[in-house]
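Residue numbers (this note's numbering), protein chains in the order written: chain A, 4 to 351; chain B, 4 to 351; chain C, 4 to 351; chain D, 4 to 351.
No lab work stands behind these hints: they were computed from the structure.
Any given hint could turn out to be false.
Which copy? The list can't say, so a pair holds if one copy fits it or any two copies do.
Derived pair list, reagent style DSBU-like, types lysine-lysine, alpha-carbon separation capped at 35 Å [claimed, not checked]:
no.	residue 1	residue 2
1	348	156
2	156	188
3	348	188
Number of protein chains: 4
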Amino acid sequence: MIRLECDYTEGAHPRILERIISENLVQNPGYGEDEHSYRAAELIRTASGRPEAQVRFLVGGTQTNAAVISACLRPHEGVISAEAGHIAVHETGAVESYGHKVLALPTMDGKLTASQIEALCAAHDADPTKAHQVKPGMVYLSYPTENGLLYTKSELTAISAVCRRRGIPLYVDGARLGYGLMSPKSDLTFPEFAALCDVFSVGGTKVGALFGEAVVNCGAFPQEEFQYLIKQHGALLAKGWLLGIQFETLFEDGLYWEMGGRAVTLAFRIRDALEELGVPMPFDSPTNQQFALLSDSALRELARDFAFCPWGPREDGRTPVRICTSWATRDEDVDALIERLHEMKDQL
Amino acid sequence: MIRLECDYTEGAHPRILERIISENLVQNPGYGEDEHSYRAAELIRTASGRPEAQVRFLVGGTQTNAAVISACLRPHEGVISAEAGHIAVHETGAVESYGHKVLALPTMDGKLTASQIEALCAAHDADPTKAHQVKPGMVYLSYPTENGLLYTKSELTAISAVCRRRGIPLYVDGARLGYGLMSPKSDLTFPEFAALCDVFSVGGTKVGALFGEAVVNCGAFPQEEFQYLIKQHGALLAKGWLLGIQFETLFEDGLYWEMGGRAVTLAFRIRDALEELGVPMPFDSPTNQQFALLSDSALRELARDFAFCPWGPREDGRTPVRICTSWATRDEDVDALIERLHEMKDQL
Amino acid sequence: MIRLECDYTEGAHPRILERIISENLVQNPGYGEDEHSYRAAELIRTASGRPEAQVRFLVGGTQTNAAVISACLRPHEGVISAEAGHIAVHETGAVESYGHKVLALPTMDGKLTASQIEALCAAHDADPTKAHQVKPGMVYLSYPTENGLLYTKSELTAISAVCRRRGIPLYVDGARLGYGLMSPKSDLTFPEFAALCDVFSVGGTKVGALFGEAVVNCGAFPQEEFQYLIKQHGALLAKGWLLGIQFETLFEDGLYWEMGGRAVTLAFRIRDALEELGVPMPFDSPTNQQFALLSDSALRELARDFAFCPWGPREDGRTPVRICTSWATRDEDVDALIERLHEMKDQL
Amino acid sequence: MIRLECDYTEGAHPRILERIISENLVQNPGYGEDEHSYRAAELIRTASGRPEAQVRFLVGGTQTNAAVISACLRPHEGVISAEAGHIAVHETGAVESYGHKVLALPTMDGKLTASQIEALCAAHDADPTKAHQVKPGMVYLSYPTENGLLYTKSELTAISAVCRRRGIPLYVDGARLGYGLMSPKSDLTFPEFAALCDVFSVGGTKVGALFGEAVVNCGAFPQEEFQYLIKQHGALLAKGWLLGIQFETLFEDGLYWEMGGRAVTLAFRIRDALEELGVPMPFDSPTNQQFALLSDSALRELARDFAFCPWGPREDGRTPVRICTSWATRDEDVDALIERLHEMKDQL
């Protein structure tokens, strides 16, 4: 079985494991106060062109989102998100469990626009009964989005400008940041990206680490509060050096970006084959996640050897699936899939 | 200025005030453990045909909704509501502040349907990643709705049936119950209504009381827990007899229903005039709230003497307004409005 | 039965009821945006010597405490309180239900001291693992305390000074403020009291109103946020003029203070009788609540005609009770109690 | 520097790392639905004699405690804990952040007693105003406690009996379970221990794993709810096999217990030396944590080569410290410490 259902089926890049092994019996202070975490933070500050930022490492994406959002908001405030945003639909109400509403906006493709954010904020401010409503207190988006899409520099600049004018922080969830910024379709460098965010995360779990998300706080909330919140959210790893050493490895010589780019290249090979074979693709994704509407019979047959992720309800004899590459995807597995698709071309 | 903007501009029916005055210097036990509260509860149990129900009195609607919803749900569960539901948009995230997501469903007219509730529950149950999503744990709707509409007996029966099949309680917010059940368009008696609910409220604030909502718990949650939750929610009135005596007055000889019916009659007089004059009306409301799209110039002129409530954004030179009667609306004020509308007929 | 168990057995001072009656059919805007609320706020600002303060009116004490505390704290912060504080033991965890810990400090008599607050804050700041602990974020105390005691000017000044040095707000719960400041033992004027608080409440429920607490925010939190929080907490009364008109009546000519002083005078008559008769009194209360250790046999007999409130567990054949006067206590009832006590002197 | 300050300075037992390495590029399903997690769960069910129990793996202790406690309680309920309990003082209010009060009971030595739990529950039930108070809804204790102490079989049996009689679950935090059950002073087998709990955790982080806590739910809450809560709490590891494989390694041939026992043996060597040298020891700990009151001068000198953990405030020229062994402590480091202590015997 070749699994292309998601980008977290394997463990970590071998260099990460080597580093953990070599450090395993060294005694490190706990809770992120170790040299590896300090150095990893510094590497990320430098790479992102955010020398003043606070960088802390958490274990997983849901706890990262909940902790950052709690840090940004007052009790009566909510977080603006696309209706399809991860916090809106795939985190079992973690944001709400800390008391905040997700102000979910409808979108065509999963991407928020500056104008709809501005419209929501303006409508709120103008409403004489606004105190009966949740106040928009921040914006959440992910780069890439749930559907693998990217905001252009111009789109993200416009959203950032609205947020700054309205005085609300912009938080960008970068769970797949490496696959986003390394897409040939991305028109943003890491520093350009970082300059538009008030706080963002850099995802390790899906890009070559065993686990781990770096939070880069560029002034969205007081730095001295965040360690309390990480602990309160149950997100403070005792052996924090495990996070530090992974991000150190990812960022000391560009391994993070290299893995990101490679996965996108493999995804594009799959995309090109699907397009050539005329398979309908609901999103034009420039990243490591590709989406295809396969005929039910083709899917049944493919499912014997390949695992994809169902992505929405079946319609008219076709089922939407996500096909996902990652840092760990093997060239020969992509070859095998493409070959099989060609063999099945009349059935897709 | 004649205020028709909402149904809570005046105090209470004079008989209620008289009863409070006569009881004012009597010493009553606190927190709802008084004879008036007990008798009022019994009157409501009898009137609703729910002899086993627990009836408790709270001060306001938002605290009532939040307390009932907290009582019904487990931490990972959310409450299904129409997108336009009061809990979804007009309570500053009170439900979320207690940790629960509002699962807001889009509607044409503000009314949920049994089939969309069933579809949501079925989709959740069928989803292999359902634990990543908030579980539908109850249904919230209001009767009448925010737009003054009523569920028919058949609609409410279907919704109730879905809830019972799925094992989730149906909570009906009856903030304006008197205006709903006394509408000539309602095809439900109070006992028929109550039999379909697992928990419901009977609103006093908008129907003749100074304030107060009765919660009728027909088994939606354990009776012995509710007093704790009322207290925790800051909703336990020290001088609970003030609530008891009001509902006693409302329910001992049908005053509640009488006031409800009178207000609907007045609202229909306004509705008929508007229709006769060809004013567009976005909702065909059978209750005390009527909605009209008035021309901006007409609204400006009317606003000198009449207060209405804006109800959505202005469009094409017209502004939607809510025109609301209540138990306290005077016949002569309705006469005056209708007369004025006729005078302005070319301008509406 | 003469009820002296608490200070909320009756309704409201007759002048308050008269005012409500006379306003009953006047149409007022909702949610506290009426002339009575505005004027009442202004009267309180003037009386307290806090011309810049925000004054808002809520219905009850628990919701007032929870809303104020939510407004003051960040998510990782807790509220310092005496172990016997109302928020610590008598509000069903309302503070916790909004996510905050009550940092309960042990006391001899229910009164916090400046030095223990300072010690807690200093210990927290000095702790290298402080982020694993809840940060002290504000101080809560009540004046008078649960046991009827008062902070002296010097004690309250010292607590206020610690709070200001530490940058954390001092919130004083004045649910019985009238009985406190009007005690002959109080050495604080209302403006002196107000000058030491960052936010405080003025209780109406126990001092002559049907219900209602005024919150006076002297800079503890941003004024523009509070209406949202009041609504979110379910504490925004639709007919807010009911609160406004009550506080207007209480503060326009000193009725609040007059009632407070009268109740204390009556309580002192009871206290003097108990002392004269040698009944042990666990607290030397200078306010309207008096505490006596009555023999079980005396209590049984007295209970036929007088209701007191049990106040802790029975010990050695004696039961502690609270005997409480209020604005509504009748002279003849106090006479009757004292007479009875004298008759029973060998049995007390 | 030899670090004996805590039991989480190193990584994992080498066999665990070997297993992770060998599995690293195998494709596993996510979120705990992998063969390693299933097998690890089965091993724990068998070892604990709880064949029906639900076993799930979480990353860290704070998230484990918060998730379990949320799963056990209704909104108005709190969790009974010793005042010194980890949830009461070292988790930044995580329990409160989910809405629940910690009902902290004072203890002499950090251990709860059955009688104080019974007394609290009985007092609550008997209180006519109980709905104004948080209801005791479960009991939390840790084995070993924060101070390294153990409950005897008889003590734990009595506590379990109270909980079952009162109908509230007993949750035992086993963050250091291996060091507890393998103490020569423990009179409980793992199945005996497990039989007394309604839910308990088996800590990996401090006993040889990189990280990870197993939760064993023996009926304390509905099994089908827990995955939702794990996700909501941000505690669901994407690559859940990392947890599964660690616990598989720990439990397939007794490695967990072997490491626990070895660390206790080393701790006893340190304890014996301290006792022999007459160093005061505030707790008579039978586990891997030992507590000594060292003179300030001795501590200063020792601190050049040994790291201990300060454990409370300095008094009379002495400082309490925790000296902690773990699965990773080297014999030669213990030798070095003991030798040094003997050299400094006049100064301790």
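Do the hints match the structure? See the list:
In this assembly of identical chains, residue 348 and residue 156 lie within 35 Å of each other by CA distance neither inside one copy nor across copies; the values are 37 Å within and 54 Å between. For the identical chains of this complex, residue 156 and residue 188 are intra-copy neighbours only, at 11 Å inside a copy versus 56 Å across copies, given an alpha-carbon limit of 35 Å. With identical chains, the CA atoms of residue 348 and residue 188 are at most 35 Å apart within one copy only, with a shortest distance of 28 Å there and 60 Å across copies.
Of the numbered hints listed earlier, the single one contradicted by the structure is hint 1.
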